[in-house]
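K.L.:
Chains D and Y, in that order, give the protein sequences. Sequential numbering of the first sequence, starting at 125, is according to the working numbering. Sequential numbering of the second sequence, starting at 48, is according to the working numbering.
Hints listed in this document are in silico derivations from the structure and should not be mistaken for laboratory results. Where hints are given, some of them may not hold.
Derived DMTMM-like pairs: lysine to aspartate or glutamate, alpha-carbon spacing no greater than 25 Å straight-line [said to hold, decoys possible]:
no.: 1; chain 1: Y; residue 1: K150; chain 2: D; residue 2: D179
no.: 2; chain 1: Y; residue 1: K162; chain 2: D; residue 2: D439
no.: 3; chain 1: D; residue 1: K220; chain 2: Y; residue 2: D174
no.: 4; chain 1: Y; residue 1: K392; chain 2: D; residue 2: D294
no.: 5; chain 1: Y; residue 1: K150; chain 2: Y; residue 2: E249
no.: 6; chain 1: Y; residue 1: K201; chain 2: D; residue 2: D439
no.: 7; chain 1: Y; residue 1: K199; chain 2: D; residue 2: D439
no.: 8; chain 1: Y; residue 1: K279; chain 2: D; residue 2: E145
no.: 9; chain 1: Y; residue 1: K383; chain 2: Y; residue 2: D274
no.: 10; chain 1: D; residue 1: K220; chain 2: Y; residue 2: E269
no.: 11; chain 1: Y; residue 1: K150; chain 2: D; residue 2: E342
no.: 12; chain 1: Y; residue 1: K308; chain 2: D; residue 2: D179
no.: 13; chain 1: D; residue 1: K220; chain 2: Y; residue 2: E132
no.: 14; chain 1: Y; residue 1: K182; chain 2: D; residue 2: D179
no.: 15; chain 1: Y; residue 1: K279; chain 2: Y; residue 2: D253
no.: 16; chain 1: Y; residue 1: K150; chain 2: D; residue 2: D353
no.: 17; chain 1: Y; residue 1: K358; chain 2: D; residue 2: E342
no.: 18; chain 1: D; residue 1: K220; chain 2: Y; residue 2: E250
no.: 19; chain 1: D; residue 1: K220; chain 2: Y; residue 2: E233
no.: 20; chain 1: Y; residue 1: K162; chain 2: D; residue 2: D179
no.: 21; chain 1: Y; residue 1: K182; chain 2: D; residue 2: E298
no.: 22; chain 1: Y; residue 1: K199; chain 2: D; residue 2: D179
no.: 23; chain 1: Y; residue 1: K201; chain 2: D; residue 2: E298
no.: 24; chain 1: D; residue 1: K220; chain 2: Y; residue 2: D274
no.: 25; chain 1: Y; residue 1: K358; chain 2: Y; residue 2: E132
no.: 26; chain 1: Y; residue 1: K182; chain 2: D; residue 2: D294
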Amino acid sequence: MVPVTSSSHRQTRAAFWAFREAGVLGVLVVMGAALAIATRGPYGSTFLTASNLLDVARQFSFVAIMAVGELAVILTAGIDLSVAATLALSGVVMAKVLTLPVLAGASVAARVAGAMLVALCVAVAVGLTNGSLVVRVKLPPFIATLGMLSICRGLAYAVSRGHPISGFPDIFSESIGHGTIGGVPVPVLAMAVVTGAGWFILSRTRWGRYFYAVGGNEQAARFAGVPVDRAKLLAYVICSLTAGIAAILMTAWLGTAQSTAMMGGELDVIAATVIGGASLMGGHGTALGALLGAAIMGVLRNGLVLLNCPAYYRDVSIGLVIVFAVALDRFRKK
Amino acid sequence: MSKTRSAVGVILAAAVLATVLAASVGSLGCGRREPAATQPPIPAPFQGQPPTTPAKKLQLAIVPKLLDNPVFQLAAEGAQAAAAELGDVEVIFTGPETADTAKQISTIENLIDKKVDGISISCNQGDALVPVINKAIEAGIPTITFDSDAPKSKRITYYGINSFQAGVKQAELLIEALSKMGRKPEGKVVIQSGVAGAPNLEERIDGVKSVLAKYPGIRLLETLYCDDDTAKAVGQLKDVLRAHPDLQGMVLVGGWALFAKAPGGFEDIKPGKVAVIAFDALPNEWDYVRQGYVYALVAQRCWRWGYESIKILHDIIVNRKTYPSFVDSGLDIVTKENVEQYAEKWNKKQFKD
Chain D
125 MVPVTSSSHR
135 QTRAAFWAFR
145 EAGVLGVLVV
155 MGAALAIATR
165 GPYGSTFLTA
175 SNLLDVARQF
185 SFVAIMAVGE
195 LAVILTAGID
205 LSVAATLALS
215 GVVMAKVLTL
225 PVLAGASVAA
235 RVAGAMLVAL
245 CVAVAVGLTN
255 GSLVVRVKLP
265 PFIATLGMLS
275 ICRGLAYAVS
285 RGHPISGFPD
295 IFSESIGHGT
305 IGGVPVPVLA
315 MAVVTGAGWF
325 ILSRTRWGRY
335 FYAVGGNEQA
345 ARFAGVPVDR
355 AKLLAYVICS
365 LTAGIAAILM
375 TAWLGTAQST
385 AMMGGELDVI
395 AATVIGGASL
405 MGGHGTALGA
415 LLGAAIMGVL
425 RNGLVLLNCP
435 AYYRDVSIGL
445 VIVFAVALDR
455 FRKK
Chain Y
48 MSKTRSAVGV
58 ILAAAVLATV
68 LAASVGSLGC
78 GRREPAATQP
88 PIPAPFQGQP
98 PTTPAKKLQL
108 AIVPKLLDNP
118 VFQLAAEGAQ
128 AAAAELGDVE
138 VIFTGPETAD
148 TAKQISTIEN
158 LIDKKVDGIS
168 ISCNQGDALV
178 PVINKAIEAG
188 IPTITFDSDA
198 PKSKRITYYG
208 INSFQAGVKQ
218 AELLIEALSK
228 MGRKPEGKVV
238 IQSGVAGAPN
248 LEERIDGVKS
258 VLAKYPGIRL
268 LETLYCDDDT
278 AKAVGQLKDV
288 LRAHPDLQGM
298 VLVGGWALFA
308 KAPGGFEDIK
318 PGKVAVIAFD
328 ALPNEWDYVR
338 QGYVYALVAQ
348 RCWRWGYESI
358 KILHDIIVNR
368 KTYPSFVDSG
378 LDIVTKENVE
388 QYAEKWNKKQ
398 FKD
């Protein structure tokens, strides 16, 4: 082996990460091919139709968007269990604002824009709280975000009194929820944009490198002058922000906001990130991987319905894929 | 470098293995996959044309609010019985594991993409399901609802009960129970429901409230929502009984708390202390009636939800029959007087009378 200089070391590592995504991409392609063949019928393959593929993409877009945000936190060797609860809270508060009789006089566009802004602000507030609990109060991320999970669900329940809130202006549900641009559903485009932004921040900006550094070796990063505390705070804010974005898209698509939205969804988000190659120890993972992880779970769920599989085996299959991805991760570390 | 090559090898092997694993688990329980019917999509409206017989088996899907509820498992049995009678139907019973509206919509979208021949849905939220139901209808798939309707959608018919009237019946039975206990129609009453905002449940609650409002002595404390979760429902019963030892009556607009073994949420009180009227009459619930904790059960015909759904869909597809907007399934009332008869009919699976 050639003596390693710092730049060739980085090159080897970059090549290694590319290989990691290739693995996940490979799994996805093989699954897709298998499904395309298995669902062949007199009208062609039901899996490979444009409408099915776009439906599947939209179905996993919410998890994918949040998985990119969750990746930022996982990179710093932290975890955010409150993402789904944040989505529910943002959604419910936004719905309340959208349907407030007091604001009925304002223009529809202003109301929709204002409500969306409120949703993002709520999400950012949760992210700041999570980050502060981890960085200032020095709580373990698991505990801090577990507590926030309950708080957010509880607040969502309190705000909505348990009832789903609906009655949004048509333009909101139609253009954002069910709208398409060039035939592609808006949430799918949002997923692409968020993943692209995630890739850019993580691989091309200073703060992205800080996330990897903090997760790789926090002490060393601190000594190297990396602003560890601020990096962690930023990671939690990014994570909750993606939950806010997903909240807007999901609420627009459903036409209602519920305090029970995405119950247990945080596990799907973390699973997507991990299947996509992130390590829960921190320091490894890519935005594209997170998207592919969500895609694998979404395609698997869709495939099992297309194949007439009893719904009971769905979760078993997904669990097996998660276990496998983590086992692979450990294997790779050797 | 040997390290990279082994890494590639590991990843590729893992990728293949992961897919094989997922696919084999996925196909573990899968039945024979019948190809989709060779008929082209049925044009709307589904009436007027001469009847046709399908060349292959019809794939009809039943989508409950959630899988983890015995009333829907009973509906699945009814559906299978109808399929066995008809001979040319394959039943697909699928839905979300918990009462999750988004997951239910996703499941239905997948069924549409799969081009099933008919769908029958019990809606978690009637309004939220309107777009996907309309999408199914526009794709040429006859779609009906059962148990919980989506009235604003283009669904062909709704098979179930008039939920408001069912609630009225429950409240009337509560007054009857109180009078049989020698009490006046007054005091604290509590309602327990499942998922807030589910239209069928909200209508039942409205029905109950409409009758209770006629009795000024009755004070409705609150409506508890258990999210269709039995453990939560039992906990809520215990909490409310502890908080209000002078509680007179309870109306459970669904049977969730009674799916637990008797006495369940009532273990801290004596039978007959509180007048309880519940909904649905599944086997676990009979003990509550036998032991005196529950005065009466207002039972939906859950087995028939599945049975009639298949029959109706089959009729629409094969015979182009038209249906009114509402097909009433009717209700059964189960009390101490007739619980053994009801149990016997149940055990003999005599649901069809």
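K.L.:
It remains to establish, for every hint, whether it holds in the given structure.
P.N.:
Hints, verified against the model:
1. Of the supplied pair hints, the one linking Y:K150 and D:D179 holds, its CA atoms being roughly 12 Å apart against a limit of 25 Å.
2. For a cut-off of 25 Å, the pair hint linking Y:K162 to D:D439 stands: about 24 Å separates their Cα positions.
3. Distance hint between D:K220 and Y:D174 is fulfilled; the C-alpha atoms sit about 17 Å from each other, no more than 25 Å.
4. Annotation: proposed proximity of Y:K392 to D:D294 is violated, straight-line Cα distance about 50 Å (limit 25 Å).
5. This hinted pair checks out: Y:K150 and Y:E249 have alpha carbons roughly 22 Å apart, not beyond 25 Å.
6. Between Y:K201 and D:D439 the alpha-carbon distance is near 32 Å, which puts this suggested pair outside the 25 Å criterion.
7. Between the alpha carbons of Y:K199 and D:D439 the distance comes to roughly 33 Å, so the proposed pair goes past 25 Å and is violated.
8. Restraint check for Y:K279 and D:E145: not satisfied, since their Cα atoms lie roughly 42 Å apart, outside the 25 Å limit.
9. Restraint check: the Cα-Cα separation between Y:K383 and Y:D274 comes to about 29 Å, which exceeds 25 Å; the hinted pair is violated.
10. Distance check on the hinted pair: D:K220 and Y:E269 sit about 23 Å apart at the alpha-carbon level, within 25 Å; holds.
11. A distance of roughly 39 Å separates the Cα atoms of Y:K150 and D:E342; the hinted pair therefore is violated under the 25 Å criterion.
12. A hinted pair counts as satisfied when its Cα atoms are at most 25 Å apart, and Y:K308 with D:D179 does not qualify at roughly 42 Å.
13. Between D:K220 and Y:E132 the CA atoms are separated by roughly 50 Å; this puts the pair beyond 25 Å, and the hint is violated.
14. Between the alpha carbons of Y:K182 and D:D179 the distance comes to roughly 12 Å, so the proposed pair stays at or under 25 Å and holds.
15. With a CA separation close to 23 Å, the supplied pair Y:K279 and Y:D253 stays within the 25 Å bound.
16. Distance hint between Y:K150 and D:D353 is unfulfilled; the C-alpha atoms sit about 38 Å from each other, more than 25 Å.
17. This hinted pair does not check out: Y:K358 and D:E342 have alpha carbons roughly 65 Å apart, beyond 25 Å.
18. Simply put, D:K220 and Y:E250 have alpha-carbon atoms about 23 Å apart, close enough for the 25 Å limit, and the pair holds.
19. The suggested pairing of D:K220 with Y:E233 is violated, with an alpha-carbon distance near 37 Å, which exceeds 25 Å.
20. At most 25 Å may separate the alpha-carbon atoms for a hinted pair to count; Y:K162 and D:D179 meet this at roughly 14 Å.
21. About 14 Å separates the Cα atoms of Y:K182 and D:E298, which keeps this hinted pair within 25 Å; it holds.
22. Between Y:K199 and D:D179 the alpha-carbon distance is near 23 Å, which keeps this suggested pair within the 25 Å criterion.
23. This hinted pair checks out: Y:K201 and D:E298 have alpha carbons roughly 18 Å apart, not beyond 25 Å.
24. Between D:K220 and Y:D274 the alpha-carbon distance is near 21 Å, which keeps this suggested pair within the 25 Å criterion.
25. Distance check on the hinted pair: Y:K358 and Y:E132 sit about 10 Å apart at the alpha-carbon level, within 25 Å; holds.
26. For the hint linking Y:K182 to D:D294, the alpha-carbon distance of about 18 Å falls within 25 Å, and the restraint holds.
Of the numbered hints given earlier, the model fails hints 4, 6, 7, 8, 9, 11, 12, 13, 16, 17, 19; all others are met.
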